[in-house]
Amino acid sequence: MLAILMMDENKLQYLFEQFQQGKLSSDERLEWESYVNSGEQNPAFAEWLENQWEKAEVSDLRMDQETEEAIHDYVVIQPQISETSRRLWPRIVAAASILLILSFGTYYLMNREAPGQNSVTAELIAPVQKGVYLTLSNGQKIVLDQKHVGRTKVGDGTQVDQNGNELSYQQEKTAAEPQVHTLTNNSNAKYSLVLADGSEAYLDVASSITYPVAFSGKERNVTVTGQAYFKVKHNAAQPFSVHVGDQLIEDIGTEFNIDAYHNIKTTLVQGAVRIHAGATKFLVLKPGNEAYLENNELVSITADLEMATIWLQGKIPLNHRTLESVLTEVGRIYDMQFIWQDVSLKQLKFGGAVSRTQKLSNILNFFRNTGKVDFTVDGKTVTVFKKKK
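The letter at position 180 of the sequence shown is residue 180 when you use UniProt numbering, and the numbering goes up by one with no holes.
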């Protein structure tokens with residue numbers, strides 16, 4: 001190639017190999033950055049770089065898990081990503097690392113600090129880890145050890161099995177006084193519960209479920225706050241109902257998600273549910289649809305099932321949501337408060353999903369790199385403002 005438009009191809013080859021191995025010096029990093037930032041105006045260089053990447057194995061990249069997650073999230077945050085791209089993830093890891101540099105310089109891969117260096121506040125902020133609590137009928141509160149495995153007898157005599165982030169009950173003879181427990185998840189990850197009837201509930205961050213230790217009588221009733229995903233063991237003789245706010249969701253053999261952080265939204269994955277709002281309003285939800293209350297009426301629309309349940313995979317969904325809604329969720333997970341310097345930014349919308357297990361700085365950088373929004377972090381407060389051109 002004609003000296004790659006007056007560039008030293010041998011030098012480029014050297015820099016590329018140093019980049020692959022994570023061995024660029026400070027001066028070499030600046031030189032490499034100047035080359036890659038010229039990619040859009042230099043088709044010859046872009047073609048050369050693509051050819052080099054064709055020759056390189058993805059396994060040659062020395063990435064830790066956090067770096068790989070950051071690249072993955074950068075890719076899926078793009079509004080128009082195709083299913084084909086998702087299936088080609090190993091190649092995307094390689095291509096995205098180039099895209100990151102060509103589009104935005106070296107914000108992540110090439111500016112990572114060496115161990116021991118000081119980081120800005122946001123880079124130190126990880127998802128909150130406050131714990132999981134079990135509240136008994138007598139009001140006693142027990143902190144659950146999320147690393148414990150085995151059977152435990154709690155204060156009211158109930159036996160529960162714990163396996164890390166899962167708590168399970170066995171259907172036993174009903175006690176003279178029915179026992180009711182409340183499981184509260186204030187950790188940074190989902191927590192699962194197997195009820196006495198075998199039904200499963202998955203609790204999101206800042207969520208709780210209240211339930212009987214053993215189901216008796218003609219109905220099975222639980223109460224939820226926050227967000228929960230249910231896999232219900234169907235029993236027509238003993239219907240399963242979820243109470244959430246002023247709504248009642250009745251199972252008819254089902255998997256469904258309830259998001260009650262704000263306006264209650266029920267998303268049906270399979271089976272059927274009957275939703276009641278007040279004494280007179282109800283509807284039967286079909287699989288693939290979601291229902292919520294609008295202008296005091298229950299409304300059913302087609303759901304994005306992947307986005308509605310992606311929190312189970314440790315992701316924050318972005319599709320069909322405003323930036324205000326997304327950052328409210330980020331604040332809940334990272335225990336942060338967001339202040340809006342420009343309220344018009346609240347209505348910005350993006351696509352895809354981002355990992356909710358990485359440091360806050362990575363998430364903020366994803367939005368910064370859209371060129372539309374910027375942030376400053378001061379302790380537990382994040383100020384949101386329009387990015388300067």
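Hint data in this document are derived by calculation from the structure and do not stem from the laboratory. Bear in mind that the values here come from a model prediction, so they are computed numbers and not experimental data. Any given hint could turn out to be false.
[Said to hold, decoys possible] The calculated label-pair distances, taken between Cβ atoms and stated as ranges, are:
1) Lys153 x Thr322: 43 to 53 Å
2) Gln347 x Lys153: 33 to 43 Å
3) Trp340 x Gln13: 24 to 34 Å
4) Ile252 x Thr152: 54 to 64 Å
5) Asp145 x Gln13: 28 to 38 Å
6) Gln337 x Thr357: 41 to 51 Å
7) Gln337 x Lys286: 20 to 30 Å
8) Thr322 x Val154: 25 to 35 Å
9) Val154 x Thr223: 11 to 21 Å
10) Arg368 x Thr223: 18 to 28 Å
11) Asn296 x Gly217: 28 to 38 Å
12) Lys380 x Glu177: 40 to 50 Å
13) Gly379 x Thr357: 15 to 25 Å
[Stated by the list, open to error] Here are the simulated lysine-lysine pairs, DSS-like style, with alpha carbons at most 25 Å apart:
14) Lys346 x Lys286
15) Lys388 x Lys190
16) Lys218 x Lys147
17) Lys233 x Lys286
18) Lys388 x Lys346
19) Lys130 x Lys346
20) Lys265 x Lys231
21) Lys315 x Lys130
22) Lys380 x Lys346
23) Lys141 x Lys153
Positions of the beta carbon are idealized from the N, C-alpha and C atoms, including for glycine.
Do the hints match the structure? See the list:
A hinted range of 43 to 53 Å for the beta carbons of Lys153 and Thr322 is consistent with their spacing of about 47 Å. Look at Gln347 against Lys153: about 52 Å separates their beta carbons, and that is not inside 33 to 43 Å. Checked against the hint of 24 to 34 Å, the C-beta distance between Trp340 and Gln13 comes to roughly 48 Å, which is inconsistent with it. Taking 54 to 64 Å as the suggested C-beta distance range, the pair Ile252 and Thr152 does not conform, at roughly 34 Å.
Distance hint for Asp145 and Gln13: a CB-CB separation of about 53 Å, inconsistent with the stated range 28 to 38 Å. Between Gln337 and Thr357 the Cβ separation comes to about 21 Å, which falls outside the hinted range of 41 to 51 Å. Separation of Gln337 from Lys286 is about 39 Å and departs from the stated range, judged on CB atoms against 20 to 30 Å. Checked against the hint of 25 to 35 Å, the pair Thr322 and Val154 fails, with Cβ atoms roughly 42 Å apart.
A C-beta distance of roughly 20 Å is found between Val154 and Thr223, which places it inside the suggested range of 11 to 21 Å. Checked against the hint of 18 to 28 Å, the C-beta distance between Arg368 and Thr223 comes to roughly 40 Å, which is inconsistent with it. The hinted range of 28 to 38 Å is satisfied by Asn296 and Gly217, whose Cβ atoms lie roughly 32 Å apart. Against the hinted window of 40 to 50 Å, the Cβ-Cβ separation of Lys380 and Glu177 comes to about 43 Å, which satisfies the hint.
Against the hinted window of 15 to 25 Å, the Cβ-Cβ separation of Gly379 and Thr357 comes to about 22 Å, which satisfies the hint. For the suggested pair Lys346 and Lys286, the alpha carbons sit about 32 Å apart, so the restraint of at most 25 Å is broken. The straight-line distance between the Cα atoms of Lys388 and Lys190 is roughly 37 Å, outside the 25 Å bound, and the hint therefore fails. Straight-line distance between C-alpha atoms of Lys218 and Lys147 comes to about 36 Å, which puts the hinted pair past the 25 Å bound.
As the CA atoms of Lys233 and Lys286 are separated by approximately 18 Å, the hinted pair is consistent with the 25 Å bound. Between Lys388 and Lys346, the direct Cα distance comes to roughly 17 Å. Compliance with the 25 Å bound is thereby established for this hinted pair. For the hint linking Lys130 to Lys346, the alpha-carbon distance of about 28 Å lies beyond 25 Å, and the restraint is violated. A distance of roughly 17 Å separates the Cα atoms of Lys265 and Lys231; the hinted pair therefore holds under the 25 Å criterion.
Pair hint Lys315 plus Lys130 holds up; C-alpha atoms about 19 Å apart against a cutoff of 25 Å. As the CA atoms of Lys380 and Lys346 are separated by approximately 19 Å, the hinted pair is consistent with the 25 Å bound. The suggested pairing of Lys141 with Lys153 holds, with an alpha-carbon distance near 14 Å, which does not exceed 25 Å.
Violated hints, in rising order: 2, 3, 4, 5, 6, 7, 8, 10, 14, 15, 16 and 19; the structure is consistent with all others.
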